[in-house]
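K.L.:
Chains as they are written, first to last, in our numbering: chain Z, 173 to 619; chain B, 18 to 164.
Hints in this document: simulated from the structure, not taken from any laboratory. Some clues are possibly wrong.
Said to hold, decoys possible - What follows is a set of in silico ranges between Cβ atoms, one per label pair, in the way DEER data are often shown: (1) Z/G570 - B/P153: 34 to 42 Å; (2) B/G99 - Z/G570: 21 to 29 Å; (3) Z/L589 - B/R96: 21 to 29 Å; (4) Z/G519 - B/A78: 41 to 49 Å; (5) Z/G310 - B/R39: 48 to 56 Å; (6) B/R39 - Z/S549: 35 to 43 Å; (7) B/T52 - Z/T546: 45 to 53 Å; (8) Z/G310 - B/A78: 36 to 44 Å; (9) Z/N346 - B/Q30: 23 to 31 Å; (10) Z/D382 - B/R39: 49 to 57 Å.
Think of the CB as a built atom: it goes at the ideal place given N, C-alpha and C, for glycine as much as any other residue.
So the chains spell out like this:
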Amino acid sequence: MISRLWNDLEGTFFPESALDFMPVERLREVQLQRLKTVVSLAYERVALFRERLDARGLKPADIRSLDDVRRLPYSMKSDLRDTYPYGLFAVPMTEVVRLHASSGTTGKPIVVGYTAQDMEVWKQVIVRALLSAGFTRGDIVQNMYGYGLFTGGLGLHAGLEALEATVVPASGGNSERQIMLMKDFGVTAICGTPSYFVHLIEVAQRMGVDFRRDLKVKRGLFGAEPWSDGLRKYIEGASGVKAYDIYGLSEIVGPGVGSECECRDGPHIFEDHFLVEIIDPDTLEPLPDGQEGELVFTTLSKQAMPAIRYRTRDITAIDPRPCSCGRTLRRIRRICRRSDDMFIIHGVNVFPSQIEAALLRTEASLPHYLIVLTRRSGLDQMEVRVEITGEMLRDRVGAMEQLQKRFARSIEQVTGLHIAVTLAQPGSIERSEGKARRVLDLRESKS
Amino acid sequence: MKIRQISVFLENQPGRLSALCRALAEAGINLVALTLSDAGEFGLLRFITPEPDRAEQVAKAAGFAAISSDVLALCLPNRPGGLAAVLTQLEPHGLSVEYMYAFARRTGDAVMITCFDDVDLAMAALRTAGVSMLKPADLFASDQPSV
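Chain Z with its partners taken away, still in its complex shape (with noise of 0.2 Å):
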């Protein structure tokens, strides 16, 4: 709970945000002794992980430092697949007292489970992103992830009413009611994704609604889907909302993995929960700070289902550099793309952030895209269809043409690959209300 008092103080220090200016050796010293606990407890109660040790000869005593957790094996989504629903639980069913679950594109979903205690982890740590956003006691937060089995929606809503800001469970879909919840109710603050908020500011526009003029939502906390610094400027000039990224994932705890503070400049990693490495995808060695890999999470104090060396797929790298913000926690890069959203176009990967990045140079603002993937003669083959929106539109068939040609240009120089693009009326591509779906696969059969 927010104390009143310090609240009342000069509006800036909240105790629930000490943690993330611990001094680094006693963040260090809290680390390891959570680490050796975590793993201790991982090797006793899931069969999967003791295997692993013991298959490499490791006894949970051999963790006598941070970097004694390069000795441990890595886990990964296929380990949630193979032992689901509850094989990775580390507590039994009569402690859990939640269970969220990803949608999974193939097959069976992902679950992940929740002692109280870990919901209490969980609430503090959207708190303090909560915190270094700029959220307060005061604010009115329309929550528009969704609510149910995603993580988004009952986690971020613990949190905000922890923070006892007002909360507007709206939950995702609905566009125009949002609009007008945001009007009617006075909404300061926003939660959701940022390609849902992009469609959100186009129905406003549709609705006649000037988010500086009738709105008064100053800020927004953006995430479950990669996004870029051109996305950030768009948002934040289109509707003047700052919009800050938070970053999670269900398997290690939903968002509040790591969250960015006031110079918006990559997301802290709650470290004290979070234990944060870098890998080489390839040869799986760990890398340096301030190199691009894979990030790798170990959760220090998950009770129900602990995730060692958990890859998360994304790519990125830590920021070791000190913030001014003063939090001693290190940075992320923000995540723009993760290894399983690549595709290979005549033998060059491809990241869909490329195609965004590539987008937003052309036009200065995000048109609605969709990547269509096909195979033609046994070769991957690429299309952009591109929506068109008034102020594109020009009445001579040469301009458009440029256009065209504009969008297909800087697609090259970003990806190095000629590719075609289409010009699409507006709304033809469908809007998600969640996650983006930013590519059509019609390849028959996927490697």
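Dock chain B against the given chain Z, drawing on the hints supplied.
P.N.:
Only chain B this time, still in chain Z's reference frame:
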């Protein structure tokens, strides 16, 4: 006199043009002149209507990208050499014609809907050359009496 023209983007998909025409028809909007350009991968419908504002709104509400722009309606004698004479007079002004579409009226003249690269310069040049340009009111009313 400038005439407002509405341009609508048409994706290269069956039924797009008829969907647009249906929406305009339902709103009771009459098209006086139109041209459909085909760039291979998309179409652009440009048209003249007595109610450009409403037509633009109707097209947008039906989910199309639409804009309005200014063109000129040149009134020329409907006989060989009518257009050639006007274009020759414009030559020294360095104006270029972006596109044109025409219709003949029962009054015996031809109306050339013309988009110039510089509409204001073109208007001044045409006025000096004594070429008659139709006002919106003339364009929409004067076709009524039959000769």
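K.L.:
Among the hints numbered above, which are violated by the structure, and what are their numbers in rising order?
P.N.:
1, 3, 7, 10
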